[in-house]
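**Student:** Read top to bottom, the protein sequences are chains A and B.
Straight run, no breaks: the first sequence in the numbering used here ends on number 184.
Straight run, no breaks: the second sequence in the numbering used here ends on number 184.
Label pairs and their computed distance ranges (CB to CB):
id: 1; chain 1: B; residue 1: Ala69; chain 2: A; residue 2: Lys142; range: 25 to 31 Å
id: 2; chain 1: B; residue 1: Gln155; chain 2: A; residue 2: Leu129; range: 18 to 24 Å
id: 3; chain 1: A; residue 1: Asp127; chain 2: B; residue 2: Pro128; range: 35 to 41 Å
id: 4; chain 1: B; residue 1: Pro128; chain 2: A; residue 2: Arg144; range: 28 to 34 Å
id: 5; chain 1: B; residue 1: Pro128; chain 2: A; residue 2: Asp179; range: 30 to 36 Å
id: 6; chain 1: A; residue 1: Arg144; chain 2: B; residue 2: Asp19; range: 45 to 51 Å
id: 7; chain 1: B; residue 1: Thr140; chain 2: A; residue 2: Arg136; range: 28 to 34 Å
id: 8; chain 1: A; residue 1: Leu129; chain 2: B; residue 2: Thr140; range: 29 to 35 Å
id: 9; chain 1: A; residue 1: Glu30; chain 2: B; residue 2: Ser41; range: 39 to 45 Å
id: 10; chain 1: A; residue 1: Pro35; chain 2: B; residue 2: Arg32; range: 49 to 55 Å
id: 11; chain 1: A; residue 1: Asp179; chain 2: B; residue 2: Leu103; range: 19 to 25 Å
id: 12; chain 1: B; residue 1: Asp108; chain 2: A; residue 2: Thr74; range: 18 to 24 Å
Calculated from the structure, these hints are not laboratory results.
Idealized CB from N, CA, C, for every residue including glycine.
2 protein chains.
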Amino acid sequence: MPSDLKKLIADTQNEFRNHPATAQVSFRSSSALQDGFRSVASLRDHRVIIDEPASLGGTDRGPNPVELILAALGSCQEITYRAFATALGIPLDSVSVELRGDLDLRGFFAVDPLVRAGYQRIRGTVKLRARGATAEQLDQLRNVVNAHCPVLDILANPVPVAIDVAIEA
Amino acid sequence: MPSDLKKLIADTQNEFRNHPATAQVSFRSSSALQDGFRSVASLRDHRVIIDEPASLGGTDRGPNPVELILAALGSCQEITYRAFATALGIPLDSVSVELRGDLDLRGFFAVDPLVRAGYQRIRGTVKLRARGATAEQLDQLRNVVNAHCPVLDILANPVPVAIDVAIEA
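The whole structure should be built from the sequences, with the hints applied where relevant.
**Tutor:** As structure tokens, this is what we get:
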């Protein structure tokens, strides 16, 4: 599997170099609010249930949206570590991520217009086990991962978001 | 339930006005890569499985991280619509969201350093059914939602992210 993955990455890089149009992709989400604050999101064939804890008015049948943001960042870091470790031939036994996002709820609750609604900051730790890798290799790996992790870029830098509103009869 | 929620929101706003320290909260995610690109994230008592589709080297046992970003935004918009419709006394029968994120995979695959790794843009539509609400009320609702939706703020504006790396023996 690692060698298959290495070949897949190299082949994909060649394909995108030669045909940049094939690198243009879109992902989609379709979600609908159910009772209370519970939402069901469909992502291709996958479903995710989102809710708020009781303290925030929900029924706690799933993680809330800002928790999903952290799960997206953690898993994206992990996938990007494994992809580039494989591509660069750096040994990597395991990777896990602990994250914490700090939020001032006065933003969401419209109590203070100077307080942002989203995370003030996100902090955390990537834990790597990589027997046989040198410190230099792991440094190189960290730098390339942080330069190419899609969700890290999405959070750390602005993404233009345009959402229309359609009123249904 | 709507009137309970209205009271919960008003009580929470009063509490945060009088005691801003109680509005400071943290959310956490703990995730670990399993086989291939599959990760399991724990968010309090909730688990989310993340994977990549086969075309990106995974086994497609869950949505991928950038799809989770869209699910977080869609559900956060929905929850924020319901919360502020309730707080403002604006009728809202249903809310659903369709989103699309455009990505140039040359960024993630390190093919072109000028291409960002994350979404180039996110576009979509919020569908509201709100019998009995006036156009002015729905305009007011849209404005307050977009000013206070945490995930919209997280995506549209930069979030400081600091991730340490710990090497395990």
